[in-house]
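Q: Here are the chains, one letter per residue:
Protein chains: 2
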Amino acid sequence: MNTKKIHAYAPASIGNVSCGFDVMGMAVDAPGDEVILTLNDSGVVSIKDIEGDNGKLPRKAEENTAGVAVIEFLKAIESNHGAEITLIKNLPLGSGMGSSAASAVAAVIAINRALGNPFLKADLLPFVMQAEFVACGSAHADNAAPSLLGGLILIRDNHPLDIIEIPTPEELMCVLVHPHVEVKTRDARQVLKTSVPLKDAITQWGNTAALVAGMMKPDYELIGRSLQDVVAEPMRSVLIPGFHSIKQAAVTAGALGCGISGSGPTMFSFCKGKAIADNVGVAMQQQFAAVGLQSEVYVSKVNKAGARVIG
Amino acid sequence: MNTKKIHAYAPASIGNVSCGFDVMGMAVDAPGDEVILTLNDSGVVSIKDIEGDNGKLPRKAEENTAGVAVIEFLKAIESNHGAEITLIKNLPLGSGMGSSAASAVAAVIAINRALGNPFLKADLLPFVMQAEFVACGSAHADNAAPSLLGGLILIRDNHPLDIIEIPTPEELMCVLVHPHVEVKTRDARQVLKTSVPLKDAITQWGNTAALVAGMMKPDYELIGRSLQDVVAEPMRSVLIPGFHSIKQAAVTAGALGCGISGSGPTMFSFCKGKAIADNVGVAMQQQFAAVGLQSEVYVSKVNKAGARVIG
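Respectively, the protein sequence lines represent chains A and B.
Take the first sequence: its letters are residues 125 to 435, numbered as in our numbering.
Take the second sequence: its letters are residues 125 to 435, numbered as in our numbering.
It is worth saying that the hints were derived from the structure and are not from the lab.
All values reported here derive from a predicted model rather than from experimental measurement.
Just to be clear, a hint being listed does not mean it is correct.
Stated by the list, open to error - Cut-off 20 Å, straight-line C-alpha distance, at most; resulting in silico cross-link-like pairs (SDA-like, lysine to any residue): (1) Lys323/A - Gln314/B; (2) Lys323/B - Asp281/A; (3) Lys323/A - His264/B; (4) Lys323/A - Cys260/B; (5) Lys323/B - Asn282/A; (6) Lys317/B - Asp324/A; (7) Lys323/B - Asp286/A; (8) Lys323/A - Leu316/B; (9) Lys323/B - Pro321/A; (10) Lys323/B - Asp324/A; (11) Lys323/B - Gln314/A; (12) Lys323/A - Ser424/B; (13) Lys199/B - Leu249/B; (14) Lys317/B - Ser319/A; (15) Lys323/B - Met340/A; (16) Lys128/B - Thr210/B; (17) Lys341/B - Leu346/A; (18) Lys323/A - Pro321/B; (19) Lys323/B - Leu346/A; (20) Lys317/A - Lys323/B; (21) Lys199/B - Glu187/B; (22) Lys323/A - Ser319/B; (23) Lys323/A - Asp286/B; (24) Lys341/B - Met340/A; (25) Lys323/B - Leu217/A; (26) Lys317/B - Val354/A; (27) Lys398/B - Ser424/B; (28) Lys323/B - Val168/A; (29) Lys323/A - Phe257/B.
Could you build the full structure based on these sequences and the hints that come with them?
A: Next up, the structure:
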């Protein structure tokens, strides 16, 4: 029965989106991870193969985000099915592009389809968050939700989950530049302080509110002015060689704003239109090269549909 | 020349709007302060009379917010004119309803019209902020901007000023209940801590972002869920007798949410529709009475036009 082998795609996402630290994430069109899942009656979930990770990811299903998501899914519906998972990692690991979330999202989209979509898409999120807990030690939705649902997602609350879709303007383009240096989410969390000066916190919530207004009006200039993170970026930018020169180069090349994607080291820019975005990508890559780092550039629209079955 | 005697009105405003501490304010339709200003050639600005303040406000123009705003206005255009101001205080002093801002706004609207509107409305804001500096010791725009311009205003930045108008839904009603107890803005500031736990700050900016989304979608339930202030309200609520029982009564009576207006002691609720708002007003007043406090209730739409000349 050919519906039992499902090929699914889940996009990368920009966690935090600068000022929206821990509450926002946005899906991009590409790159993304792929899962080819074959349903079976073994009652066992296994990882058949992983491509593109240089052997770094766990091959045990219960230690792998894609595997965990499928295990949790099958547990929730008390199914006796099993599944064999092939994971195609297009996203670099530890990059700040929501790599672990994308693998888990592609996996749950695939198992859901294989079993005739017993869940609505949004209801798959808890399985991905359990997988994120295994990968990162915390069950955040700021990559999982946008990769699954698409668009710009605001997570107002985690307990209970309150997920808000924020419309984004048509011409908004995302530039992601991933330098060849690894920053572990855990390390990126450790540089943060446990308290914030009140005046910085006020600046941050003025900007998160303004970013939402800029997206919804829409007002591209306002989006740019709001992309300021006075809380995490000052700490995390020290983990990214050349950070300030890259940010300056992006803005000089026409970016509305520029910041760290998730916990880094990938940096993102928002731009109005593809022509500017292409220029900004080149400018950012050149600046990374100037500090001796190779990098990949991804220029993409906002992904408004989220993860999907592709075969 | 009859255009030289101008009667202007400026509405009360809800400073902070719960989660939007120090960055948001919203104008209500009523109550508001009135200024009757007579232009003359004396080169002197004077306060002719103040009604409704029980003699509490300064009668020297340079110590009175309405006077200061007019003095600064005339200085800016290097005018030799003078003005005589009658101030009709409909707003209670030290109430958290933007009383000092409303007086100054009415005054600048009047002097601007008397001189043939040399300034656009939005450009009058700096004069009001200078007046606020005299009254409160700090030049915040969170009451001044909504009283002047109307609607829900987000102040993304104070230096330079970045004022963003946030659309509000048609059926949104505001309930203001002013108990007869005075809280000085200065005291209300002193109970605040100078730093915030990171996790509370994250909660706050999730809510400010969600409040803007709720207003713009519009989504009344989301507006309600977002009206949470984990930063200032826990400190300031102790200055308001019966705070928690009043908030509970408002929500039980159907309010979307309830909080402190500005630095208090006035409390506000947002409601969908006038019938619910009327009930909420009664419920809040009854709870204030239960702790021995008399209060006034004001039920009003959002004021979308701001201050205006009325004669």
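Q: Each hint: holds or not?
A: Going through the hints against the structure:
no.: 1; hint: Lys323/A - Gln314/B; in the structure: holds (14 Å)
no.: 2; hint: Lys323/B - Asp281/A; in the structure: holds (11 Å)
no.: 3; hint: Lys323/A - His264/B; in the structure: holds (13 Å)
no.: 4; hint: Lys323/A - Cys260/B; in the structure: holds (18 Å)
no.: 5; hint: Lys323/B - Asn282/A; in the structure: holds (12 Å)
no.: 6; hint: Lys317/B - Asp324/A; in the structure: holds (13 Å)
no.: 7; hint: Lys323/B - Asp286/A; in the structure: holds (16 Å)
no.: 8; hint: Lys323/A - Leu316/B; in the structure: holds (11 Å)
no.: 9; hint: Lys323/B - Pro321/A; in the structure: holds (13 Å)
no.: 10; hint: Lys323/B - Asp324/A; in the structure: holds (14 Å)
no.: 11; hint: Lys323/B - Gln314/A; in the structure: holds (14 Å)
no.: 12; hint: Lys323/A - Ser424/B; in the structure: violated (32 Å)
no.: 13; hint: Lys199/B - Leu249/B; in the structure: holds (15 Å)
no.: 14; hint: Lys317/B - Ser319/A; in the structure: holds (11 Å)
no.: 15; hint: Lys323/B - Met340/A; in the structure: violated (26 Å)
no.: 16; hint: Lys128/B - Thr210/B; in the structure: holds (14 Å)
no.: 17; hint: Lys341/B - Leu346/A; in the structure: holds (18 Å)
no.: 18; hint: Lys323/A - Pro321/B; in the structure: holds (13 Å)
no.: 19; hint: Lys323/B - Leu346/A; in the structure: violated (26 Å)
no.: 20; hint: Lys317/A - Lys323/B; in the structure: holds (10 Å)
no.: 21; hint: Lys199/B - Glu187/B; in the structure: holds (16 Å)
no.: 22; hint: Lys323/A - Ser319/B; in the structure: holds (8 Å)
no.: 23; hint: Lys323/A - Asp286/B; in the structure: holds (16 Å)
no.: 24; hint: Lys341/B - Met340/A; in the structure: holds (8 Å)
no.: 25; hint: Lys323/B - Leu217/A; in the structure: violated (27 Å)
no.: 26; hint: Lys317/B - Val354/A; in the structure: holds (19 Å)
no.: 27; hint: Lys398/B - Ser424/B; in the structure: holds (8 Å)
no.: 28; hint: Lys323/B - Val168/A; in the structure: violated (39 Å)
no.: 29; hint: Lys323/A - Phe257/B; in the structure: holds (18 Å)
In terms of the numbered hints stated before, the structure departs from hints 12, 15, 19, 25 and 28, listed from lowest to highest.
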